[in-house]
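> Can you make the complete structure from the sequences, with help from the hints?
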Amino acid sequence: MPRSLIVFGTACGIPRPPPIFYAHGAPDDHHRLIVLLADRVQDVVGREDDAVRVCRDRRTVWSDRLAAFQRALESGRDHSKEPYTFGIADLDVLAAPDQGNWDERAVFKERQDFYRVLLRAIDRSGWVVVRPDPSEPVSNQLDELDVDSTIADAPAGPAGLPPEMLGLLAPDLRPVAAWLHRIRALSPERLDDIVEEVSDVGEHLLNLAYDALPRRARDAGKLLSAVRQPQRVNHSLGQFAIGDGEPGPTSLPQAAVDALRDAGFLQPHLDGSPSMLRMPRRVRVLLEGQAALSLPGETREVHARLANALEPSVLLETRLETPFHALRSGDVETAKRTAFFSGDLRDFAARLSRRADGRPEDWAHAAALFQYLIDTFDPKDAFAHEYLGYNLARSAGTREKERVLRAYELAHRYANEKNPLYHGRLVGFRAELGQDIVADFDRGMRVYSNGRSSAVAYFAEAVFNGLARGQRDETRARLFQKWGPTLKRLAPRVTPS
Amino acid sequence: MGPDAEATRSEGDAVVTELFGDDLPRPDGRRLFLVVDSCHSGGVNLPHGLLDHLGVKKIDLLVLSHPDLDHVRGFARLARERAPTEIWRYPLGSGVRDFAAELLRRRPGDERLFDLRDALDAIDEHREEHGESTDASFDRSWVGSGYDVRCIAPTPWDVERANKLLKHCTEYIVGERRRISRRFERFLSGDVSLGDAPNVLSVALAVRWGDVRIVLGGDVERGCAKPFSGWKGVLRLLDKPGRSRGALVQSVAAVKVAHHGSVGAFHAPAWERHAKADGSTIAMMTPFQSKLPAPPVLRWLKEHTGRLAISHVAPEAERRARDGGWAGTHSGKLAATAAPCIVGIFSADGAVSLLHGGQGSLFQSSGIRDKRDLRATP
Numbered sequence: 001m002p003r004s005l006i007v008f009g010t011a012c013g014i015p016r017p018p019p020i021f022y023a024h025g026a027p028d029d030h031h032r033l034i035v036l037l038a039d040r041v042q043d044v045v046g047r048e049d050d051a052v053r054v055c056r057d058r059r060t061v062w063s064d065r066l067a068a069f070q071r072a073l074e075s076g077r078d079h080s081k082e083p084y085t086f087g088i089a090d091l092d093v094l095a096a097p098d099q100g101n102w103d104e105r106a107v108f109k110e111r112q113d114f115y116r117v118l119l120r121a122i123d124r125s126g127w128v129v130v131r132p133d134p135s136e137p138v139s140n141q142l143d144e145l146d147v148d149s150t151i152a153d154a155p156a157g158p159a160g161l162p163p164e165m166l167g168l169l170a171p172d173l174r175p176v177a178a179w180l181h182r183i184r185a186l187s188p189e190r191l192d193d194i195v196e197e198v199s200d201v202g203e204h205l206l207n208l209a210y211d212a213l214p215r216r217a218r219d220a221g222k223l224l225s226a227v228r229q230p231q232r233v234n235h236s237l238g239q240f241a242i243g244d245g246e247p248g249p250t251s252l253p254q255a256a257v258d259a260l261r262d263a264g265f266l267q268p269h270l271d272g273s274p275s276m277l278r279m280p281r282r283v284r285v286l287l288e289g290q291a292a293l294s295l296p297g298e299t300r301e302v303h304a305r306l307a308n309a310l311e312p313s314v315l316l317e318t319r320l321e322t323p324f325h326a327l328r329s330g331d332v333e334t335a336k337r338t339a340f341f342s343g344d345l346r347d348f349a350a351r352l353s354r355r356a357d358g359r360p361e362d363w364a365h366a367a368a369l370f371q372y373l374i375d376t377f378d379p380k381d382a383f384a385h386e387y388l389g390y391n392l393a394r395s396a397g398t399r400e401k402e403r404v405l406r407a408y409e410l411a412h413r414y415a416n417e418k419n420p421l422y423h424g425r426l427v428g429f430r431a432e433l434g435q436d437i438v439a440d441f442d443r444g445m446r447v448y449s450n451g452r453s454s455a456v457a458y459f460a461e462a463v464f465n466g467l468a469r470g471q472r473d474e475t476r477a478r479l480f481q482k483w484g485p486t487l488k489r490l491a492p493r494v495t496p497s
Numbered sequence: 001m002g003p004d005a006e007a008t009r010s011e012g013d014a015v016v017t018e019l020f021g022d023d024l025p026r027p028d029g030r031r032l033f034l035v036v037d038s039c040h041s042g043g044v045n046l047p048h049g050l051l052d053h054l055g056v057k058k059i060d061l062l063v064l065s066h067p068d069l070d071h072v073r074g075f076a077r078l079a080r081e082r083a084p085t086e087i088w089r090y091p092l093g094s095g096v097r098d099f100a101a102e103l104l105r106r107r108p109g110d111e112r113l114f115d116l117r118d119a120l121d122a123i124d125e126h127r128e129e130h131g132e133s134t135d136a137s138f139d140r141s142w143v144g145s146g147y148d149v150r151c152i153a154p155t156p157w158d159v160e161r162a163n164k165l166l167k168h169c170t171e172y173i174v175g176e177r178r179r180i181s182r183r184f185e186r187f188l189s190g191d192v193s194l195g196d197a198p199n200v201l202s203v204a205l206a207v208r209w210g211d212v213r214i215v216l217g218g219d220v221e222r223g224c225a226k227p228f229s230g231w232k233g234v235l236r237l238l239d240k241p242g243r244s245r246g247a248l249v250q251s252v253a254a255v256k257v258a259h260h261g262s263v264g265a266f267h268a269p270a271w272e273r274h275a276k277a278d279g280s281t282i283a284m285m286t287p288f289q290s291k292l293p294a295p296p297v298l299r300w301l302k303e304h305t306g307r308l309a310i311s312h313v314a315p316e317a318e319r320r321a322r323d324g325g326w327a328g329t330h331s332g333k334l335a336a337t338a339a340p341c342i343v344g345i346f347s348a349d350g351a352v353s354l355l356h357g358g359q360g361s362l363f364q365s366s367g368i369r370d371k372r373d374l375r376a377t378p
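Protein sequences appear in the order of chains A and B. Here our numbering is used: position 343 in the first sequence is 343, and no number is missing along the way. Here our numbering is used: position 42 in the second sequence is 42, and no number is missing along the way.
Rather than coming from a laboratory, the hints here were simulated on the basis of the structure. Wrong hints could be hidden among the right ones.
Claimed, not checked - Quick list of the computed label-pair ranges, beta carbon to beta carbon:
id, chain 1, residue 1, chain 2, residue 2, range
1, A, Glu333, B, Arg80, 47 to 53 Å
2, B, Asp211, A, Leu168, 45 to 51 Å
3, A, Arg3, B, Arg105, 36 to 42 Å
4, A, Arg493, B, Arg105, 50 to 56 Å
5, B, Val263, A, Arg184, 36 to 42 Å
6, B, Val263, A, Ser453, 38 to 44 Å
7, B, Ser290, A, Ser139, 41 to 47 Å
8, A, Gly243, B, Arg80, 26 to 32 Å
9, B, Pro27, A, Glu136, 53 to 59 Å
10, A, Ser139, B, Val263, 45 to 51 Å
11, B, Glu81, A, Ala309, 42 to 48 Å
12, B, Arg80, A, Ala255, 43 to 49 Å
13, A, Ala255, B, Ala335, 49 to 55 Å
14, A, Arg182, B, Gly358, 48 to 54 Å
Built from N, CA and C at the ideal position, the CB exists for glycine as well.
Structure, rendered in structure tokens:
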């Protein structure tokens, strides 16, 4: 089996390419890709082996799922008769830039674990990795692996732009730059100015192109940004009919679709299929944001239609999109019914609890969703337990003290007792209940003040908030007196009263 | 106010420029009209009225410099009724259009927001009909025989800066829904000011016809500490090796003073370029409420030029100008109009006649005759 192949551009020049699965930069990426790649293993092996079954089981604990995923990839590679077994597009977006704050650390760690497993598998051979928008950190990581690289069929470069400037642009952006050049909105001199002055050249060019598109093309693009997967073109574009008139949730004007293709906002599928169009990730991010501002109702309608239309699909990749669309249309029940994994629902529930703005019904709703996630998916999901406790505490207070306490305890335990926020909330809630927490606080401060400085702030603030809610003024003053210099330095928002 | 006129009208800010004319005719005799922004006074669309007065049905180039509403009112009418050949719009206008749509959903009766969205819609309609790009990024040009209009601001760096500001005005909530951020809510409720943030996007133009050169400064600010920002960034880009654009803003006949003469928009090195050594460059200014022009700017301008024209002079502004060392002149009043406007007529021999409407005023000072006399200004 040949070494894995890293492709800049599209995979259309590669003989017998494997199915290419996309990362979208979405919270469900790692969960979704595990299901899709496990399904690919089943196709290669010809049966559902144990590792594949574990990967696809909703109730699998994350650590078990990841271990099974590694075994499944090995199995698929061993059984494959093709030069390349697996294909992934936009690996770069899976590499988390940092660890995230302590609040989201558990979710970031999942993504990082998944990414590391992928890198090891790629190092061992059998992968085609298509990089339409490469990033430097990932390039550096891939340089360390035993892989081949090729620049294969990068989308047409902008005629007239110097090659050295072309090289500065990601393959996904080249058609956009080419169009800007054709309409005289981008000259070599202007690109030179942009590259010199702007920190994100790609975003700048996309904004220029968005600005230059006709209104109907912009609106059509906003509606299409609801769709993540490549779409078949056949007198229609996926679920959208192509006709005349204004862009709407069911139909798009031909001229608008043509304009989006011209501008590079719609490009061919990265596997080279001529009958499939995709929206490059960064284009989708831009248009999705603009759609949320200017076409929120229409976008919601698109999501609702797609949730209904995709649920019965025979294609797994398509069916997996159902809960994504259902949640964006506000249909939580359909999302719960159709979810293969917890990623989307977990993200939705977290946003709901952050949005709450003091509304107990939102906290209660979020708590119910986190309880559902724990019961239905990963029972050792530290993030879900933490947020269950947090939302229960906000919605029901001490009326549900046993459940809150249990949730905080489990979150702390499943985070390997290493997350200062989870720990702080547990100790803080115990303080609110009137329990003696002084020894626990002292222990936590000793541990966290030796590690990352932000850990002290997360831990101490959570504990002091609990003391304040429990009106434990004396304990608060005592702890502040004892740890004052450390708190003033590392947790300046903590006050003695 | 004749066919050779450049007229700047205040209460808001709009500039109507006729390139060529009787005093400096174009070989084919055609009249070319450039209009930047639009404003209202007492329910009257001032540039529209001026064009009517001049008998002009068609604008050749119509420019919307930035999304501040004192530059937008009535723009949609100019775009729809004056058959512009080209329209240019500041960068990120489509994003601002989306933003205005969300704001209007929240405040459906807001006339100013409606004007902004209407202007942007009118530009979109023109774009759909004519297929021409409306982009007004740095170095966009409109060039013909004997004339040249070139976009000299905003810089790419400022466009990125404005994009970041725009992003900060929104935040994502459940289900990827984007909404106005709390910070921007406070602006809407009047608790905080948006400041001069929209000016970051402002277009400025260098205009030349025959031997006449003028600079229309929009609301471009001096810029932040970065060398790529505001007027600093503009000069830097114009001076880039191999571009030879610096002459566009050198020793010009007139400057529409940026941002109504605010302190933050005054950049002495730019004025050192603009000003002719004999002090004859005309500083043309539109006031804003009772705050602008700012007294220090009136003083600093005097160190670069001896001629000042203000389109609408209230007693307070008059006193401020005199305190700044400017002396009013009593000549050049246009009998035909009481409107807040000033007019410059540029002749082929280099002479410039200045006129003012009923609410405008002209000032002069001993001016500078020798650049070595320049004192340090910010």
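> All hints, please: hold or fail.
Against the structure, the hints come out as follows:
no.: 1; hint: A:Glu333 / B:Arg80: 47 to 53 Å; verdict: 48 Å, holds
no.: 2; hint: B:Asp211 / A:Leu168: 45 to 51 Å; verdict: 40 Å, violated
no.: 3; hint: A:Arg3 / B:Arg105: 36 to 42 Å; verdict: 54 Å, violated
no.: 4; hint: A:Arg493 / B:Arg105: 50 to 56 Å; verdict: 36 Å, violated
no.: 5; hint: B:Val263 / A:Arg184: 36 to 42 Å; verdict: 37 Å, holds
no.: 6; hint: B:Val263 / A:Ser453: 38 to 44 Å; verdict: 41 Å, holds
no.: 7; hint: B:Ser290 / A:Ser139: 41 to 47 Å; verdict: 57 Å, violated
no.: 8; hint: A:Gly243 / B:Arg80: 26 to 32 Å; verdict: 28 Å, holds
no.: 9; hint: B:Pro27 / A:Glu136: 53 to 59 Å; verdict: 55 Å, holds
no.: 10; hint: A:Ser139 / B:Val263: 45 to 51 Å; verdict: 47 Å, holds
no.: 11; hint: B:Glu81 / A:Ala309: 42 to 48 Å; verdict: 45 Å, holds
no.: 12; hint: B:Arg80 / A:Ala255: 43 to 49 Å; verdict: 22 Å, violated
no.: 13; hint: A:Ala255 / B:Ala335: 49 to 55 Å; verdict: 53 Å, holds
no.: 14; hint: A:Arg182 / B:Gly358: 48 to 54 Å; verdict: 50 Å, holds
Comparing the model with each earlier hint shows violations of hints 2, 3, 4, 7 and 12; every other hint is respected.
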